[in-house]
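Visitor: Sequence:
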Amino acid sequence: FIAIISNRLPLEQQPRARRIGLLLAMGTRILLLLSIAWVMRLTAPLFAVLGNEFSGRDLILLAGGLFLIAKSTFEIHEKTEHKGHGPESGGGRVLSFGAAVSQIAVLDIIFSLDSVITAVGMVDQVSVMIAAVVAAVAVMMIFAEPVSHFVKRHPTIQMLALSFLILIGVFLVAEGLGKHIDRGYIYFAMAFSLGVELLNMRARKATERG
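Number 24 in our numbering belongs to position 24 of the sequence shown; there are no gaps in the numbering.
To be clear, the hints were calculated from the coordinates, so they are not data collected in a lab.
On a predicted model such as this, the values are computed, not experimentally measured, just so you know.
A couple of the hints might just be wrong.
[Unchecked claim] Simulated crosslink set (DSBU-like; lysine-lysine; CA at most 35 Å straight-line):
1) 205 to 152
2) 179 to 71
3) 152 to 71
4) 205 to 71
[Stated by the list, open to error] Taking CB as the label site, the calculated pair distances span:
5) 198 to 139: 18 to 26 Å
6) 202 to 51: 26 to 34 Å
7) 181 to 59: 17 to 25 Å
8) 36 to 98: 28 to 36 Å
9) 63 to 147: 25 to 33 Å
10) 131 to 41: 20 to 28 Å
11) 51 to 183: 22 to 30 Å
The beta carbon of each residue, even a glycine, is placed where N, CA and C say it ideally should be.
Please construct the entire structure, taking both the sequences and the accompanying hints into account.
Guide: This is the structure:
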């Protein structure tokens, strides 16, 4: 998501937006880890509708999932219907820096909340979780530029990534409604689709060379 959004900025602003996006992701997770008592209260039921109880976490996941579905659908529409509007983005209108960072920040909050609640159930020591977050962001910082350039060069990968985001959005909505979906199915579907697309890219290159 950071790669796709940052690639709609003017070229000179893209690396800065990616760095800020990743730092926001790290900062949000660390703040939530330091507020574990508040985070865990979000899992307490607030109200019930038709026999289904909803907590603060459920409402955030529902809103986040719907946001992700809507945003990804809009991005696909922009790339297919407004090709060439963005001089460096490969389609779609150029975003302002503030708009791009704001969208990244919203998604950071959504993913941070779910990942922190999951982590709290696995590890008791906050220092271990913070170290893991810092290490993960450091790895993403290293690969952010190569991944972003790869995504920009291959329009089909952009569409596949946006489709993944829609899939994740549906997963978040289902989780928010109390319908558990094994994450393994999601990861398998994404890995399988990516594998097929990489084979297609290799086949296209072979055809061009031939």
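Visitor: So which of those numbered hints doesn't the model satisfy?
Guide: 6
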